[in-house]
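S.K.: Respectively, the protein sequence lines represent chains A and B. Okay, so the first sequence: first residue is 1 according to the UniProt record's numbering, each after it adds one. Okay, so the second sequence: first residue is 1 according to the UniProt record's numbering, each after it adds one.
No lab work stands behind these hints: they were computed from the structure. Idealized CB from N, CA, C, for every residue including glycine. Any given hint could turn out to be false.
As the list claims (entries may be wrong) - Computed footprint of chain A on chain B, listed as stretches where at least three residues anywhere in the stretch have a Cβ under 8 Å from a Cβ of chain A:
| # | region |
| --- | --- |
| 1 | 34 to 42 |
| 2 | 91 to 98 |
| 3 | 119 to 125 |
What the hints assert, rightly or not - Straight-line distance between alpha carbons at most 27 Å, and here's what the computed BS3-like set of lysine-lysine pairs gives:
| # | chain 1 | residue 1 | chain 2 | residue 2 |
| --- | --- | --- | --- | --- |
| 4 | B | 97 | A | 32 |
| 5 | A | 37 | B | 47 |
| 6 | A | 33 | B | 74 |
| 7 | B | 74 | A | 37 |
| 8 | B | 74 | A | 90 |
| 9 | A | 21 | B | 51 |
| 10 | A | 90 | B | 78 |
| 11 | B | 47 | B | 97 |
| 12 | A | 33 | B | 100 |
| 13 | A | 182 | A | 90 |
| 14 | B | 51 | A | 37 |
| 15 | A | 32 | B | 74 |
| 16 | A | 33 | B | 47 |
Unchecked claim - Computed footprint of chain B on chain A; a stretch qualifies when at least three of its residues, placed anywhere within it, have a C-beta under 8 Å from a C-beta of chain B:
| # | region |
| --- | --- |
| 17 | 46 to 53 |
| 18 | 80 to 93 |
| 19 | 108 to 121 |
| 20 | 152 to 166 |
Take a look at the letters that make up each chain.
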Amino acid sequence: MFVLVEMTDTVRIPPWQFERKLNDSIAEELNKKLANKVVYNVGLCICLYDITKLEDSYIFPGDGGSHTKVHFRYVVFHPFLDEILVGQIKSCSQDGVHVSIGFFDDIVIPPESLQQPAKFDEAEQVWVWEYETEEGAHDLYMDIGEEIRFRVVDETFVDTSPTGPSSAEASTSNAAEEVQKKEAPYTLVVTTCINSYGLARVVVYTVSKIAPLSQKNDCFKLTMKQSHKIKGVEKGRN
Amino acid sequence: MVEMGKSHGDGWERHDADGFDGYMFGKDANAALLSNFEVYQLLTDLKQQRKESGKTKQSSGQQNLNTIMYETLKYISKTPCRYQSPETVREFLVAMKDHKLTKAEKLQLLNHRPVTAVEIQLMVEESEERLTEEEIESLLQTVTTILPGDPEEQHRDSAMATEDKCDQA
Numbered sequence: 001m002f003v004l005v006e007m008t009d010t011v012r013i014p015p016w017q018f019e020r021k022l023n024d025s026i027a028e029e030l031n032k033k034l035a036n037k038v039v040y041n042v043g044l045c046i047c048l049y050d051i052t053k054l055e056d057s058y059i060f061p062g063d064g065g066s067h068t069k070v071h072f073r074y075v076v077f078h079p080f081l082d083e084i085l086v087g088q089i090k091s092c093s094q095d096g097v098h099v100s101i102g103f104f105d106d107i108v109i110p111p112e113s114l115q116q117p118a119k120f121d122e123a124e125q126v127w128v129w130e131y132e133t134e135e136g137a138h139d140l141y142m143d144i145g146e147e148i149r150f151r152v153v154d155e156t157f158v159d160t161s162p163t164g165p166s167s168a169e170a171s172t173s174n175a176a177e178e179v180q181k182k183e184a185p186y187t188l189v190v191t192t193c194i195n196s197y198g199l200a201r202v203v204v205y206t207v208s209k210i211a212p213l214s215q216k217n218d219c220f221k222l223t224m225k226q227s228h229k230i231k232g233v234e235k236g237r238n
Numbered sequence: 001m002v003e004m005g006k007s008h009g010d011g012w013e014r015h016d017a018d019g020f021d022g023y024m025f026g027k028d029a030n031a032a033l034l035s036n037f038e039v040y041q042l043l044t045d046l047k048q049q050r051k052e053s054g055k056t057k058q059s060s061g062q063q064n065l066n067t068i069m070y071e072t073l074k075y076i077s078k079t080p081c082r083y084q085s086p087e088t089v090r091e092f093l094v095a096m097k098d099h100k101l102t103k104a105e106k107l108q109l110l111n112h113r114p115v116t117a118v119e120i121q122l123m124v125e126e127s128e129e130r131l132t133e134e135e136i137e138s139l140l141q142t143v144t145t146i147l148p149g150d151p152e153e154q155h156r157d158s159a160m161a162t163e164d165k166c167d168q169a
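Next comes chain B alone, as it looks inside the complex (with noise of 0.2 Å):
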């Protein structure tokens, strides 16, 4: 189940977050999965508190902080999970529940942003035997019109349709 804006009864300093924060997945339950996006939210925020508060913490100590955050960041930037706020990873959420997905299949849509078919047959298990061909289109229309893509490619992409449709004129 997804628990969106779990309750914080006590008064202990603890991160709200939004979006697949509470997914509980299975095998243990320790484990929460959390999507790209709010693994970029918490980096790009603890950027710039360090970068308010200054550079007072020695460095040797802070070094592997400094290379996993700076790593991390350089290639969940690269995701489309750049262009996601917390009301776009909600509105998927809700819509992908009519399409009876497991967590971790909607957990990589949402990563990863497929356009093809062929991507979505790659993230969702059996999808030949459980998703008919107008199902995946759906799908497909779902994932395109929530998520936001990389905007150039989409200004591109309007462009080109208007350039084909004089073509054909």
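Just chain A, with the same shape it has in the complex (with noise of 0.2 Å):
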């Protein structure tokens, strides 16, 4: 999930803060530059891992502050395709289902990645899982809050820095809409994780421990009580 990215930048030191240690002042900055903040093509920056190397330290001319080259190591958030994460869903809606993990929220499940056949709610704004059976359909809720288990399938990186001035009629004609549209800098694909048992949630994992070939349709009834402590329904099983 989280990558050490080695990378380079001049760090300014104000004059004011000559007092302290340069590594806590340079710290300090390089933190206040990246953290928080998605860089193109490397992922969303969380917060530095060291500084490995410091050159010389140069003062220009009009500029009282010291400008330093660096060389450090950033921990960044960038998992590798295929890769499997647990987060909680966030919302629903035409275009998929919204996950967040909590620091990180761009993640989207395309409805065609949703195990077929799956419909959406208009009514509770969510998707629906309708599970077949022999006894008959099970819908599975795709509830806010619920925590879901997905595999990373594509990322996009968008470059979300600012363009110059557009052109004097493009300007004056988009004068009513003045909020432009927030393009996500960093968004992920991701696929719910369904096998060939048909299991998708963290909560159903545990109940296919008991006997996941042969009992697939009782492991599916547990699912649909999912207010019991799972732990409870095993030993009723057993």
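Build the complex from these two chains, which are given one at a time in their own frames, with help from the hints.
M.R.: The structure is reproduced here in structure tokens:
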């Protein structure tokens, strides 16, 4: 989930911080610049790991601050392809299920990746997975706040750096739409973890420990009573 | 190759970490994979440091760092890594050598601590072809014995096991 990335940057320390230890000032500046920000094609930066090399500091004419080239390593959130992660369902909409892991929210499960047949319940604004068994169809509701295990399928980086001033006509016509479309700089497209047992949720996985192959249907029945503590239900079945 | 305990020749301030540090990920030579445990350690140390140094920094600049640290710590604290220690991670990697898994798969096993065969099949690619049922079982055994899980759950498990035995008796 997390990756260490080696980066290089020039850090400016203002004169009134010269009394502090250089390493501390530089660490603070780097964190101020990068923490909780997405770097294009790298990922979401979390915090500084360490400083590997400090080059000489220079002072330029007209500016009292010192400029130091720093080689450092930063902890970055960048899940690799096919990585399994656990998150919480944040919301459902027509374009899929939105999942969040607390510090990162732009995770989406497109409708095609949901196990078919799945339909969007307009009344409750949730996606429902219709699970067919011999006894009939059961509905798995993807409720908000539910924990869900997913696999990373694709990632998209969008360069959100400000573009130059647009042409005069374009800006006047867009005067009404002052609020520009905010695009997420880093989005993850994921898919639910459906395997041959057809079980998607974290809750359901603990149930499958009983007898995954033969009692597929019984395993599913248990998922409907999600309010029961899983361990307790297992004991009853045994 | 796993590089345990990198040697740091020069005198620069360098963080001496153990565990997954130094694992080179194939594609990008710059990147090394970090386990959740290492990030958890780093963030808790950083939090401790900042608490000790007191509120001398301007809050405006540090707000982003505070936010991301808080959220990440909150998320990672709910994963099995909060019960891990550098020794358990080292032990785990040594035990994994025989199972012939890729770096990414070992990292996922370390981060998630699977307890069922279903989870193993998710994390290990083509597990039906590469691992037999006994191998999956032994893998599960290694994972659950070396990596500590939720102590409450384990207590409940053992309590129920004894209860079951009493029922059968």
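S.K.: Tell me, in ascending order, the numbers of any earlier hints that this structure violates.
M.R.: 2, 4, 11, 12, 19, 20
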